[in-house]
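**Student:** Produce the entire structure from the sequences given, and follow the hints as far as they go.
What follows is the residue order along each chain.
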Amino acid sequence: MPNKNGTVYGLTILSPIIDDEQATPSHDLQIRKYLATLPTGEQSPFALAPGTHLARLVVMDDVIYVGMPACEEHLKSKYLVFESNCDGELDNYLAGLAASVPEHLDAIWSHCVGYPGAANQQAFIDYMKACQLETTFYFAAVNDKSVPETLRALQTQHAVADFIADHQGMEPARLQTEFARFVAELKSAPVPRPGSMGQPRSIKTGGRNE
Amino acid sequence: MSNINGKIYALNAITPMKPWKTLVLRGFFFLLGHIKPLQQDLINLSFIEFARWVVLPRRQFPFLGNGQVKEELQYDYLLFFSNFNGTWNQYIDAFSAVLSKGLNLVWRWSEKFPGAVPVTPFKEYIARVQFDTDYYYTAYPHAAANDLKSAHIVQASLDSLSQRAQACTPEQFADAYLRFVLEVQAHLGETGEAPIVF
Amino acid sequence: MSKLNETDIQGFVLRGYNLPVARYFFLHFEDAARARMLIGRLLHHVTTGQLWDGGKPESTVNIAFTQQGLAALELPDATLLSFPVEFQQGMKKRAGILGDTGLNSPERWDELWRDDRVHAWLGINAQSPAALDHRCAAMVELLEETGGAVALAAQEAAAVVIDGKPTTREHFGFTDGFGNPDYLGVGRSSQPGQGKLLPNGSWAPLATGELLLGYADEAGELPVAPMPHILASNGTFMVYRKLHQNLATFRAYLDEHAALYGGGKEKLAAKFIGRWRDGTPLELSPDNPDSSIAQDPNRSTNFTYGADPEGMRCPIGAHVRRVHPRDAFGFNGKLIDRRRITRRGLPYGPFAAEGEPASDTEERGVIFMALNASISRQFEFVQQQWIEYGNDPHLGNDKDMLMGNHGGRGKFVVQGDASAANPPFICSKLPNFVELRGGDYFFLPSITALGMLAMGLVDPR
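Residue numbers (my numbering), protein chains in the order written: chain W, 1 to 210; chain E, 211 to 408; chain B, 409 to 869.
Be aware that a few hints might be false.
With a cut-off of at most 25 Å between alpha-carbon atoms, the simulated DMTMM-like pairs for lysine to aspartate or glutamate come out as follows [to be verified]:
(1) B:Lys837 <-> W:Asp62
(2) E:Lys280 <-> W:Asp126
(3) E:Lys228 <-> W:Glu72
(4) E:Lys246 <-> W:Asp144
(5) E:Lys359 <-> B:Asp825
(6) B:Lys742 <-> E:Asp251
(7) E:Lys359 <-> W:Glu171
(8) E:Lys333 <-> B:Glu629
(9) B:Lys501 <-> E:Glu403
(10) E:Lys280 <-> W:Glu134
(11) W:Lys76 <-> E:Asp342
(12) E:Lys359 <-> W:Glu185
(13) B:Lys837 <-> W:Asp166
(14) B:Lys837 <-> W:Asp87
(15) E:Lys333 <-> B:Glu718
(16) B:Lys675 <-> W:Glu171
(17) E:Lys359 <-> E:Glu403
(18) E:Lys359 <-> W:Asp87
(19) E:Lys228 <-> W:Asp61
(20) E:Lys246 <-> W:Glu134
(21) B:Lys675 <-> E:Glu393
(22) E:Lys359 <-> B:Glu718
(23) E:Lys280 <-> W:Glu72
(24) E:Lys322 <-> W:Glu72
(25) E:Lys311 <-> B:Glu626
(26) E:Lys333 <-> W:Glu103
(27) E:Lys280 <-> W:Asp166
(28) E:Lys359 <-> W:Asp126
(29) E:Lys228 <-> W:Glu134
(30) E:Lys333 <-> W:Asp166
(31) W:Lys33 <-> E:Asp342
(32) E:Lys228 <-> W:Asp62
(33) E:Lys359 <-> W:Asp166
Chain B is nowhere near these chain W residues, computed Cβ spacing over 12 Å in every case [as the list claims (entries may be wrong)]:
(34) Thr7
(35) Glu21
(36) His74
(37) Leu90
(38) Asp91
(39) Pro102
(40) Ala107
Read the hints as simulated data drawn from the structure, not as lab findings.
Owing to the predicted nature of the structure, the values given are computational and were not obtained by experimental measurement.
Think of the CB as a built atom: it goes at the ideal place given N, C-alpha and C, for glycine as much as any other residue.
**Tutor:** The following block contains the structure:
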């Protein structure tokens with residue numbers, strides 16, 4: 001199924017935005033306004049909810065006219081595009097979003113046609129699936145690692161580089177002891193938060209410079 | 211609004227296609243999905259984290275009733291979403307330089323596509339059909355696709371050494387540790403801020 | 409492609425003069441009419457790309473202009489605005505993009521470069537100090553006679569002299585000047601390893617348009633250039649950077665880390681650069697320098713990295729591998745063909761041989777001048793992506809060991825193998841071995857364009 005590549009799911013959703021001449025500002029502008037100040041780092045709804053590697057939200061105003069001799073045509077609705085690259089099965093992922101950040105979902109999608117709210121999880125999932133497009137071709141550079149596995153690996157990589165640099169030329173017995181301590185500490189360290197710029201040095205790597 | 215978050219750029223593009231051409235394009239994507247060497251170029255380019263093409267036939271835009279007006283379109287549309295590292299220019303330069311044949315096969319069915327070479331008309335076309343991202347999230351703003359791959363290599367290597375380490379004599383450990391360093395030595399790049407986009 | 413008109417191209421573009429001494433004047437125009445008169449008079453002096461049938465001249469003269477300089481010459485606004493953005497902005501405003509921050513930031517540059525008074529670069533190269541003085545005196549006389557410009561400063565530069573002979577060494581002791589690309593129609597003989605790599609493993613000259621405006625480039629189109637074409641054609645852009653070298657810091661760092669490194673000091677020094685100090689490429693001779701390779705033009709640049717993906721011979725982050733990655737990024741090197749630059753320039757300041765005392769504070773370094781058709785696509789890309797960043801070689805944020813603006817952080821990994829003489833090794837807490845002291849972006853016009861500037865005959869378009 002082209003929506004999946006390995007264990008990664010490529011979710012593409014186009015939600016029609018409510019076209020209401022009475023609304024000021026219009027619903028698409030209200031979505032844009034909300035998204036403009038929505039946190040993108042550790043406080044992002046996608047960081048607070050589980051399973052998102054990368055995601056974007058885009059108001060698609062219209063199709064684009066490429067010039068003569070192509071025909072000019074326009075959409076009747078504007079659409080909110082939700083493109084997500086996430087872990088696992090779609091229902092679980094959507095349920096996780098609905099459970100973790102319902103207020104953000106409602107603030108964004110309440111401007112879309114037929115949105116039932118995130119409180120009713122099944123209705124939310126059904127709605128999202130009704131707006132879903134089948135991906136024709138999906139590429140993932142890494143397709144077999146979850147978000148927490150990746151965050152941990154990044155932490156490990158950083159700590160390992162420091163450990164190696166700090167233990168060059170150390171005699172074997174001491175190196176082995178230091179290594180055991182390093183691994184234990186790394187294992188017990190909390191997984192870094194998604195959406196952050198990486199951990200401040202919390203793992204002590206020991207060695208001659210510390 | 212920004213297409214950029216840390217080391218990642220979000221590109222959205224939409225191009226019109228005459229409906230009969232959609233079938234040909236689907237055939238090409240079917241092949242691309244089933245012939246591994248074709249995908250290898252994308253992997254080797256190494257600065258794309260995720261990318262997708264979505265063929266959107268003119269009568270299959272999501273329709274939910276509730277007062278929504280049905281679309282009446284002559285063209286099918288090809289949507290392209292890419293998550294890449296580096297600058298817009300760098301990305302399109304590289305695409306044009308090494309993937310022009312593949313790109314032509316994907317987009318030649320779109321109206322007015324000028325071809326991926328030479329690069330300036332290609333860039334003008336992409337700029338024209340690109341629409342901007344309102345909100346962009348990444349769990350790893352400080353890491354590029356290469357950094358992610360390197361990190362997983364280091365993690366696997368470390369896990370394997372730490373499983374063996376306890377049972378080793380110090381001399382055996384020193385030897386295993388050297389092997390470990392050799393395994394990870396090309397994968398220790400620092401993560402952090404991206405350069406300024408220009 | 410058609411034969412280049414060498415009489416229309418400044419000689420500095422087509423060849424490294426290989427003259428041992430130089431002085432670069434930085435001019436300020438005070439009056440457009442008088443400045444144009446000066447350029448008109450200079451036209452007779454400017455060295456073109458014509459072959460030197462009668463042997464090398466005693467001295468050469470070349471000229472290039474900043475955006476402020478072209479504005480001071482009263483080029484039409486429509487023409488000025490047709491120049492590429494990075495040229496219009498000048499190098500100082502590009503500091504963030506280039507990573508010229510911290511120790512390299514413009515507020516720390518030499519006073520000459522801190523405001524925008526430099527309008528032109530007047531470069532004199534010569535066979536001897538006497539010939540240099542002689543030609544420079546003539547130039548100064550011309551400035552005074554016409555009142556066309558004041559010389560704000562003059563930068564001396566000279567090849568390092570060892571045992572009485574000018575060499576291609578730089579102050580850290582490495583042999584320099586291997587890396588310039590060949591271009592179609594430009595070189596008289598091309599050297600394997602200097603152009604672009606072809607799928608069959610041979611080398612061919614790069615498209616002329618990677619160096620000169622008005623010719624097809626590697627993307628199969630004319631490079632972005634100012635209008636009208638006749639102003640741009642046969643011209644190019646020049647990046648000028650004064651790079652100070654912290655010699656004492658370099659020596660101390662090398663000594664300190666060599667003590668921990670199993671391969672020895674000279675090998676560690678070679679790993680930093682990718683060449684032994686005599687120029688032998690590590691890729692061809694990883695265990696020891698070999699002057700028979702270094703001095704053979706058919707071998708000294710004739711190598712690739714494809715068989716060394718893990719950097720066990722030449723580290724992935726070694727300077728020469730970063731700035732000229734050859735096939736290291738796959739695709740037969742196709743990804744780098746539009747990122748090449750041509751380097752000119754010479755060291756400045758007193759040479760201190762290994763063992764002689766040296767400090768960081770002495771004025772000493774290299775005048776880096778790079779020629780390219782597009783400063784943003786070529787020089788700026790190399791500086792940002794390959795010197796100050798490491799994603800292309802899969803090195804994350806690691807910077808170029810030698811040139812990087814490290815500020816005491818960062819690291820350089822020397823990849824190794826299981827042998828005792830070539831161990832893996834990490835150099836961390838990197839100081840700035842090189843610091844930027846100023847510079848700018850220049851337009852180096854053709855002889856025709858110089859004539860148009862002198863006559864005030866550039867039509868807007």
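**Student:** Could you run down the list of hints and mark each one as holding or not?
**Tutor:** Results of checking the hints against the structure:
1. B:Lys837 <-> W:Asp62: Roughly 52 Å separates the two Cα atoms, so the pair is violated.
2. E:Lys280 <-> W:Asp126: holds (20 Å)
3. E:Lys228 <-> W:Glu72: holds (13 Å)
4. E:Lys246 <-> W:Asp144: holds (17 Å)
5. E:Lys359 <-> B:Asp825: Holds - the C-alpha atoms of B:Asp825 and E:Lys359 are around 22 Å apart, at most 25 Å.
6. B:Lys742 <-> E:Asp251: Answer holds: B:Lys742 to E:Asp251 is near 13 Å, not above 25 Å.
7. E:Lys359 <-> W:Glu171: violated (31 Å)
8. E:Lys333 <-> B:Glu629: Distance ~13 Å between E:Lys333 and B:Glu629 Cα, so the pair holds.
9. B:Lys501 <-> E:Glu403: Holds - the C-alpha atoms of E:Glu403 and B:Lys501 are around 20 Å apart, at most 25 Å.
10. E:Lys280 <-> W:Glu134: holds (19 Å)
11. W:Lys76 <-> E:Asp342: Distance of about 20 Å is within 25 Å: holds.
12. E:Lys359 <-> W:Glu185: Satisfied, since the Cα-Cα distance of roughly 23 Å is no more than 25 Å.
13. B:Lys837 <-> W:Asp166: holds (11 Å)
14. B:Lys837 <-> W:Asp87: violated (38 Å)
15. E:Lys333 <-> B:Glu718: Given that 25 Å is the threshold and the Cα spacing comes to 34 Å, the pair is violated.
16. B:Lys675 <-> W:Glu171: holds (23 Å)
17. E:Lys359 <-> E:Glu403: holds (18 Å)
18. E:Lys359 <-> W:Asp87: Holds, because 17 Å separates the two Cα atoms, which is no more than 25 Å.
19. E:Lys228 <-> W:Asp61: holds (21 Å)
20. E:Lys246 <-> W:Glu134: Holds: E:Lys246 and W:Glu134 sit about 21 Å apart, inside 25 Å.
21. B:Lys675 <-> E:Glu393: holds (22 Å)
22. E:Lys359 <-> B:Glu718: holds (15 Å)
23. E:Lys280 <-> W:Glu72: holds (18 Å)
24. E:Lys322 <-> W:Glu72: Cα-Cα ~13 Å, so holds.
25. E:Lys311 <-> B:Glu626: holds (16 Å)
26. E:Lys333 <-> W:Glu103: violated (40 Å)
27. E:Lys280 <-> W:Asp166: Distance ~65 Å between E:Lys280 and W:Asp166 Cα, so the pair is violated.
28. E:Lys359 <-> W:Asp126: Between E:Lys359 and W:Asp126 the Cα gap is close to 35 Å, so the pair fails against 25 Å, i.e. violated.
29. E:Lys228 <-> W:Glu134: holds (19 Å)
30. E:Lys333 <-> W:Asp166: violated (47 Å)
31. W:Lys33 <-> E:Asp342: Cα-Cα ~14 Å, so holds.
32. E:Lys228 <-> W:Asp62: holds (18 Å)
33. E:Lys359 <-> W:Asp166: Holds: E:Lys359 and W:Asp166 sit about 24 Å apart, inside 25 Å.
34. Thr7: holds (23 Å)
35. Glu21: The claim holds: W:Glu21 sits with its nearest Cβ about 42 Å from chain B, beyond 12 Å.
36. His74: holds (34 Å)
37. Leu90: holds (32 Å)
38. Asp91: The claim holds: W:Asp91 sits with its nearest Cβ about 36 Å from chain B, beyond 12 Å.
39. Pro102: About 37 Å separates W:Pro102 from the closest Cβ of chain B, which puts it past 12 Å; holds.
40. Ala107: holds (35 Å)
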